Amino acid sequence: MNDDDRSPVRLRRRCFLRSALVAAALPLLPARAEQGGLRVGLTPVFLDDQMSFLTRWRVWLERRLKRSVVFVQRGSYREVMDLIRGGKLDFAWICGYPYVRYRHDLRLVAVPVWRGRPYYQSYLIVPADDRKTGSLADLRGKVFAYSDPDSNSGFLYPQYRLASQGENPTTFFSRSFFTWAHRKVVEAVGVGLADGGAVDGYVWDTLAEFHPGLTSATRIIERSPDFGHTPFVARRDIPAAEMRQFRGALLDMPADPEGAQLLRLLSLDGFVAGQPALFDGIARMAMRVGKV
Amino acid sequence: MIALDDLSLRWKIPLRVMAAVLGTALAVTAALVTREYDEMRQNLESHAKSLARVLANTLVTPVLHDDIWRAYEILQSARDPAAIAPELQADVVMVTDAEFRVFVSSRPRDFPIGASPARQGGAYARLRAALMDRKSTEQQVIEPADSVHYFVMSPLVADGVALGHVILGYSKISFVPRFIGLVGRAAFVTLLVLLLILPVSWFAARQTGAPLLALADAMRQVPGELGSARLPDLPQNKDEIGQLGDAFRRMVGELREKQELEEQMIASQRLAAVGRLSAGIAHEINNPLGGMLTAITTYRRHGNGDPLALETFSLLERGLDQIRNTVAALLVETKAKDRSFAPADIDDLLILVDAEAAARKVTLHVGGRLQSPLPLPATLLRQIVLNLLLNAVAAADHGGKVRLGMDARNGMLHLSVCNDGAHIPDSRMAHLFEPFASGREKGHGLGLWVVYQIVKQLNGGLTVDSEPGNTTFRIEIPYGEP
Chain F
1 MNDDDRSPVR LRRRCFLRSA LVAAALPLLP ARAEQGGLRV GLTPVFLDDQ
51 MSFLTRWRVW LERRLKRSVV FVQRGSYREV MDLIRGGKLD FAWICGYPYV
101 RYRHDLRLVA VPVWRGRPYY QSYLIVPADD RKTGSLADLR GKVFAYSDPD
151 SNSGFLYPQY RLASQGENPT TFFSRSFFTW AHRKVVEAVG VGLADGGAVD
201 GYVWDTLAEF HPGLTSATRI IERSPDFGHT PFVARRDIPA AEMRQFRGAL
251 LDMPADPEGA QLLRLLSLDG FVAGQPALFD GIARMAMRVG KV
Chain G
1 MIALDDLSLR WKIPLRVMAA VLGTALAVTA ALVTREYDEM RQNLESHAKS
51 LARVLANTLV TPVLHDDIWR AYEILQSARD PAAIAPELQA DVVMVTDAEF
101 RVFVSSRPRD FPIGASPARQ GGAYARLRAA LMDRKSTEQQ VIEPADSVHY
151 FVMSPLVADG VALGHVILGY SKISFVPRFI GLVGRAAFVT LLVLLLILPV
201 SWFAARQTGA PLLALADAMR QVPGELGSAR LPDLPQNKDE IGQLGDAFRR
251 MVGELREKQE LEEQMIASQR LAAVGRLSAG IAHEINNPLG GMLTAITTYR
301 RHGNGDPLAL ETFSLLERGL DQIRNTVAAL LVETKAKDRS FAPADIDDLL
351 ILVDAEAAAR KVTLHVGGRL QSPLPLPATL LRQIVLNLLL NAVAAADHGG
401 KVRLGMDARN GMLHLSVCND GAHIPDSRMA HLFEPFASGR EKGHGLGLWV
451 VYQIVKQLNG GLTVDSEPGN TTFRIEIPYG EP
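For the protein sequence lines, the chains are F and G, in the order given. Numbering of the first sequence is given in our numbering, commencing with residue 1 and proceeding in unit increments. Numbering of the second sequence is given in our numbering, commencing with residue 1 and proceeding in unit increments.
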């Protein structure tokens, strides 16, 4: 991480804290009591903390759905999952791993399309000045950074890789820690705090586009196979009309000028309805690691 | 240093004052800079200590929860990359666990997670020893002599148990630039103050030395140039230098009096010796002279009238008469019987001198008159006044003035004769009253000698003041009241 990047990052962190505080006050209201309001859960795990972007998106959704929308942000997938499974959220943008774990409590709404396909990869990264490390196996006894324990790309995939090589994922690294955001995994590896890290390939590539200073301090040593991209899900008992309206709004985003602009900020092409089978690969890995 | 000791006070006093001013300025500046340095150092330390305390309190939870990233973010937030005071910026911040292994550090590449900071060697190895020595729940400041860093260590305490330490490493030299700036500013201000003070001090010091220098100058003229010693330049005030000046003035005055007395005494002794000598010679000459003159008179009366012999004896008689007159002039003797000196005597004398004065167009003035005859021998007094008046007329400039002053009071006759002619040079003054010491071609040079002899015999006194344009002879003669 060089000096030019440091202060924007810190600014964002403060932005996040502010939005978290705002969000923390809201869920005290019973979610279902507000008849008109849609509650949408988000995490900073893969979404960059951008209040202005989220405001624009919320305004766009409200205009589109003709009802109020509340983004509920939480620091980890687990908190968002607890909320949606408890029926306190209507929709949530989560990762494929929690989806496959709780697919019976959830309904799939839409899957992002990135570079023309509803897939993404997990990248294993090391500091750019580390020229020796060539694979995950070389990181034995080192410090490793995960993003979120419920993240597919930032946790499940490296765990699966180690397990499939016959390693014990809990003892393979000397130390490991969670940063609760993919972007921060890139930072941790970039400054050398961690010797390696697992990161969402979509986040890494987007960062490489908008903040090349961050990603240039890291080097990708492994790319995972394709996995179903981070899905929008709904609580199980979502009314059919709401489900249809919300999905329609997401799918229509590319056709709308403002929606297209929002997608460009997300580096996404759009959304597709998607099938649960997209996430079978993740489900197999989860099974192998034994966490389903 | 001898050269410095011999230096004139003209330079020595100002130089010493300059040295004192410079020394004071340097001492004050050094004291201020030292104080500022200490303050800077204390600020830095207290800042570091409070930062370490805050970090230690904040980091307890992340360390307890093993949340490395959160701890790292806290460390990062304690660093301000655009700090106004870079010396307040910790060079390295790290959190160590109970076994002195890095939990997290602000420089992960130098202090990776799980490694011992002692691996870096040097001061870091010493830190561990310091941690073991002390009670682990106290904050410590450690300043290893061989390290460019000094460290502030604050324990991470949860429920009375030390989980580890927060260690802040500060560069010892990071505040050197600021310190140099401080010294520069202090030097500049000192220089400005010196620029103002130095000329003033220099002037004041010169003023202090000036009276001493004047005194020294005057002293150098003693005793060689006693007459020209510039006494009025001496300090007049009442301080010690002024007192020295007074003493010096008194001393010079006394020296001058002594010198004059000596000169007068020598002149008197010489005159007395000359007087005795001439009196002796006169007696020795007068005895055969009387015989020779008697012999010539006898021959004239009883001789055979040989014309050649008579002519020869006339020649001899005239010669012998001249010798007798000269000897008589040398040998001034008070006649036992003489009439008193009367006011009319002055008138006679003026008539006698008038012709000579008229010839030289000299004006005669007479100041004062005698009211009555004085019991003093008239012949001798007439001789004195006549001689002095004739001398004065001769000495006066053509068309000049001569003044005769007289006064008789309380048994003392005061006479004074002045003329406005050229003054008597010093070289002549010493021998003025000796016989045949005349500076003029005319006269036999016995005038003043006679005056002196008469005044002496009458127990009087005689002084001469001569300066350009005014030469005055003053005579005092005591007389008994009739």
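Keep in mind the hints are simulated off the structure, nothing from the lab. All of these numbers come straight from a predicted model, not from anything done at the bench. Wrong hints could be hidden among the right ones.
As the list claims (entries may be wrong) - Some but not every residue of chain G turned toward chain F, in silico, with C-beta under 8 Å: (1) D67; (2) Y72; (3) P108; (4) I113; (5) A118; (6) G121.
Said to hold, decoys possible - Beyond 12 Å from chain F on every Cβ pair, some chain G residues (computed): (7) V104; (8) D338; (9) R403; (10) I424.
Note that the Cβ used here is the ideal one computed from N, Cα and C, for glycine as well.
Here is what the structure says about each hint:
| no. | hint | verdict |
| --- | --- | --- |
| 1 | D67 | holds, 7 Å |
| 2 | Y72 | holds, 6 Å |
| 3 | P108 | holds, 4 Å |
| 4 | I113 | holds, 5 Å |
| 5 | A118 | violated, 18 Å |
| 6 | G121 | violated, 20 Å |
| 7 | V104 | violated, 7 Å |
| 8 | D338 | holds, 133 Å |
| 9 | R403 | holds, 112 Å |
| 10 | I424 | holds, 106 Å |
In summary, the structure is inconsistent with hints 5, 6 and 7 from the numbered list given earlier, while agreeing with the others.
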